[in-house]
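Peer 1: Listed below, chain by chain, are the residues.
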Amino acid sequence: MNKHRTQNLSKLALALALALEGRGLGNVAPSTVSFFLANKEGSKVNAKFELKPPPYSLNALEPIMSQRTLEYHWGKHHRSYVDNLKKQVVGTELDGKSLEDIIITSFNKGDILPAFNNAAQVWNHDFFWECMKPGGGGKPSGDLLALIERDFGSFEKFSDEFKAAAATQFGSGWAWLAYKSSKLGVGNAVDPIPLEEDNKLVVLKSPNAVNPLVWGAFYPLLTIDVWEHAYYLDFQNRRPDYISVFMDKLVSWDAASSRLEQVKALIA
Amino acid sequence: MAAARALFTRKTLPSSSSMLRNPKPFMATALTSASTTTTHTRGLQTFTLPDLAYDYGALEPAISGEIMQLHHQKHHQTYVTNYNKAIEQLHNALAKGDASTAVKLQSAIKFNGGGHVNHSIFWKNLTPTREGGGEPPHGSLGWAIDTHFGSLEALIQKVNAEGAALHGSGWVWLGLDKELKRLVVETTANQDPLVTKGASLVPLLGIDVWEHAYYLQYKNVRPDYLKNIWKVINWKYASEVYEAESSESTA
Ligand SMILES: [Fe+2]
Ligand SMILES: [Fe+2]
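Quick note, the sequences are listed as chains A and B, same order.
Note that the working numbering gives residue 16 to position 16 of the first sequence, counting from 1, and the numbers run on in steps of one.
Note that the working numbering gives residue 126 to position 126 of the second sequence, counting from 1, and the numbers run on in steps of one.
Hints in this document: simulated from the structure, not taken from any laboratory.
Hints are supplied without guarantee of correctness; some may be wrong.
Said to hold, decoys possible - Calculated cross-link-like contacts (lysine-lysine; reagent style DSS-like; alpha-carbon spacing at most 30 Å):
1) Lys158/B to Lys86/A
2) Lys76/A to Lys96/B
3) Lys163/A to Lys110/B
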């Protein structure tokens, strides 16, 4: 059973890695896909987690997100998630697994194991940095905009729903725009009980380190970190202001669109 | 009084330096307990922000005046405001016999009501060093701590370790289990009050480990905040609660 499960997981990882390496998707920045990279070909390689820098300099999001915030958020918080994960994984059965495998294994169906928080927070922060860019914000275009309009009614309705999810996440956590698929991403497996709301964009929120990977069949396109450390130095208690300005001035819709293309290729 | 406070909270937050030169006279009033700090609007009880018994800057250098002001005037006020809103919505839903809305409101009531209850305790758990903050507990609480944890130092280590290990936002507590008649250290997530960990638990001391409680001063280093907060802990208050609750449980 264990062997079977491991095979499925590595198949999933392989499928993700291949799809996200973007066969034919020339416009995908390598940094966008690298955090999906798994132990390709199923080979056991020692997991080498490293603190990946944001794809812009630490002062590039000024004055909205200050250099000081990024120095702490990336340089201290993200770094300690990476350092602590390395310590937790070395010499255990998690050693050699991909970050995604560790997240799913250590989530342990909700009864979380010690490595989960650090592993998921490493993934979440890698993902979050790439959700922003200098001069970001505005509206998406192309397929992503079309899907948003189809599934939320309008971009404004989506935006309101996303902001509300981020504002009402009690305590620390994340809000997400994700693609919910009825396919499981394992070979040609199809969800045996596909729901009506499958194959569409959804807004989600998650507490603490949890991310949509653990729920299966969700492919994150965009996230916002609503831990207080993400905005306290710049906005103090004003989380709603942080969320608004994130949407208006920071979101990288290019990154979200590339991810949508990757997901479409993956589940096609 | 309420109007004056509303005006005050709307004021722009002064910089910490100007604030420290002119500390606001936030003194204790006749209103002693958060649960009694209520006013009536259209027959519905609402809650108001309790005043602090000390100035915002009075806990320095353990906790900065800027943190205290934001924490009290903004964070705690928001819990109070949203708690009142949720209670009013609940009141309206119940009046209409709308059970599903009433159920839906429970999470906001628990979160914001918990935020109000927890912060009301937290302010009383703190006191300036020159007014006895950090002075170890005497009497029966001191004995009980030695009995259950070995020493006050050992208790502090345990609280600091559990508070530092809490992932995300929450609280670390020293509580009295009235049934088992023993002291316990517990953590709760988000704004869950201690009683969510057991109906017989009474909080003696709660330490807020949300990032907003320390970030402007301690940034990512929560253990330093925990180390320093003991210099302004009001053990006298914890002892009073302990004595009242233990005599009640043996009565
Ligand atoms: Fe973060
Ligand atoms: Fe707080």
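Peer 1: The structure should be examined with respect to each hint, and the outcome stated for every one.
Peer 2: How the hints compare with the structure:
no. : hint                 : in the structure
1   : Lys158/B to Lys86/A  : holds, 26 Å
2   : Lys76/A to Lys96/B   : violated, 51 Å
3   : Lys163/A to Lys110/B : holds, 22 Å
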